[in-house]
Amino acid sequence: MNCRSPYRKRRVAPEFRRPWLLCLVFLLIGSLPLQAARPRPWRQHTYEEFVAGEPTGITITGDGGLQLAPALETIAELEVERIWSLALGPDGRLYAGTGDGGQLYSIDADGQVELLFDSPETALHSLVFGADGHLYAGSAPDGLIYRIDPVTGEAKSLAHTGSRYVWDLLFVGDGQLRAAVGEPGKLLSISSDGEVESLYDPPDRHVICLAAAGDRLYAGTSQEARIYEIAEGRARLLYAAPQQEIHDLLPAADGFLYASALPGGESAEKPAVPSAVYRIAGDGAVTRIWQEPEATLIDLVSAVDGFLVIATAEPGQLYRLDRRERSADLLRLEEQQPSRLLRSADGTLYIGDARSGAISRLAPGHRSEGEFDSAVEDFGAHAHWGALTWRADLPKSTRLRLQTRSGNGENPDDRALESEQISAP
0 MNCRSPYRKR RVAPEFRRPW LLCLVFLLIG SLPLQAARPR PWRQHTYEEF
50 VAGEPTGITI TGDGGLQLAP ALETIAELEV ERIWSLALGP DGRLYAGTGD
100 GGQLYSIDAD GQVELLFDSP ETALHSLVFG ADGHLYAGSA PDGLIYRIDP
150 VTGEAKSLAH TGSRYVWDLL FVGDGQLRAA VGEPGKLLSI SSDGEVESLY
200 DPPDRHVICL AAAGDRLYAG TSQEARIYEI AEGRARLLYA APQQEIHDLL
250 PAADGFLYAS ALPGGESAEK PAVPSAVYRI AGDGAVTRIW QEPEATLIDL
300 VSAVDGFLVI ATAEPGQLYR LDRRERSADL LRLEEQQPSR LLRSADGTLY
350 IGDARSGAIS RLAPGHRSEG EFDSAVEDFG AHAHWGALTW RADLPKSTRL
400 RLQTRSGNGE NPDDRALESE QISAP
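Numbering of the sequence shown is given in numbering that gives the first Met the number 0, commencing with residue 0 and proceeding in unit increments.
Derived from the structure by calculation, the hints contain no laboratory data. Computed from a prediction, not measured in an experiment: that's the story for all the values here. Watch out, some of these pointers could steer you wrong.
[What the hints assert, rightly or not] Taking lysine to aspartate or glutamate and the DMTMM-like style, the derived pairs with C-alpha atoms no more than 20 Å apart in a straight line are:
| hint | residue 1 | residue 2 |
| --- | --- | --- |
| 1 | K155 | D117 |
| 2 | K155 | D131 |
| 3 | K395 | D372 |
[What the hints assert, rightly or not] Cβ pair distances, simulated, as ranges:
| hint | residue 1 | residue 2 | range |
| --- | --- | --- | --- |
| 4 | D107 | D282 | 45 to 53 Å |
| 5 | A374 | R322 | 26 to 34 Å |
| 6 | E182 | R398 | 34 to 42 Å |
| 7 | S190 | T286 | 18 to 26 Å |
| 8 | R235 | D377 | 29 to 37 Å |
| 9 | R325 | P241 | 21 to 29 Å |
No residue lacks a Cβ here, since even glycine has one placed at the ideal position from N, Cα and C.
Model the full assembly from the supplied sequences, consistent with the hints where possible.
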């Protein structure tokens, strides 16, 4: 017997903006025939049990609860396929660097899109604002760094790095620009007049990402997934991950350095391993705090509450890691292939898409409704429902409805199956 318990149309009045937790620990008791064993309970109350279901507009929390997911809004659709980089200007305007032609777009608060700069390059992989108010963009395949007026779009080729890819740009405490470049992989310093100086030349083909904490600079590479710490003119290997690429580095207020690592193609020398997030302590101790075998990690940012937000592709999904390093399924992105995350000071999360050229916004607050379909439970014999109980924390004007379907068919979505709808009081 197949039994399914989908939680249909949990509605919250629009004025409620908090993530009202369902705390949904429910007990479904299927009564088996008298000649069989005693009634069998079916409980769903853990993250692992809920994550096997299908949430729509629902967040599955790390401690085994369901709550309304944040509201996702598309704010712009660019006439390109891939968004590779995002930056926020001092005035709140959003800037997007793209593939498929290396174009730079600006998006105002009303979602109006303007083509600001059409470079001769294929892609703009990195964007950063300088203290001078200009926007700096790193390109491929010629490895150029542009200095761009964010109002007029006037652009100047500031530096030729000598590499093919400019993967990341970062301004450090002395006001100088640092660049992570690939083929060949180097860490560069770029002066205000465009003079290029090599700070470190690792054995890896690409330096992918940069981060700074105090007077220390961190660089992540691709080929051997190494993390280097550069301080006082010297570089030391901080960690070598079993994956192929260190994709993001994120120093946190708690003193830890967080790193995301991506797998490469499997080979005899280095078998493929899943994407992962690592936490590196000041004494060099490394702990893997997240791993997902079925998805490719794309980006990592900090949330305004100190949590980490992880974007994955195939499938497109957002995860959240809390301070206890518990993973929550924040939101499943059924129609998107996230390529870049950007968090604003007020906690708004921007998501660039590598499939449609769309830019979405995940604002503070939550959806007005959501739906969750549980995994199917097969009781293995003819049975019928006994009792259904649940525990939920519901505010005023909030409605929770539960529906069960059961029958002897192989397909639990078969409309011929018996169904029953139950509403919370």
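Do the hints match the structure? See the list:
1. K155 <-> D117: holds, 12 Å
2. K155 <-> D131: holds, 14 Å
3. K395 <-> D372: Not satisfied, since the Cα-Cα distance of roughly 24 Å exceeds 20 Å.
4. D107 <-> D282: 45 to 53 Å: Because 46 Å falls inside the window, the suggested range holds.
5. A374 <-> R322: 26 to 34 Å: Given range 26 to 34 Å: holds, Cβ gap about 29 Å.
6. E182 <-> R398: 34 to 42 Å: violated, 57 Å
7. S190 <-> T286: 18 to 26 Å: This hint is violated: roughly 38 Å between Cβ atoms.
8. R235 <-> D377: 29 to 37 Å: For D377 against R235, whose Cβ atoms are near 55 Å apart, the range 29 to 37 Å is violated.
9. R325 <-> P241: 21 to 29 Å: holds, 23 Å
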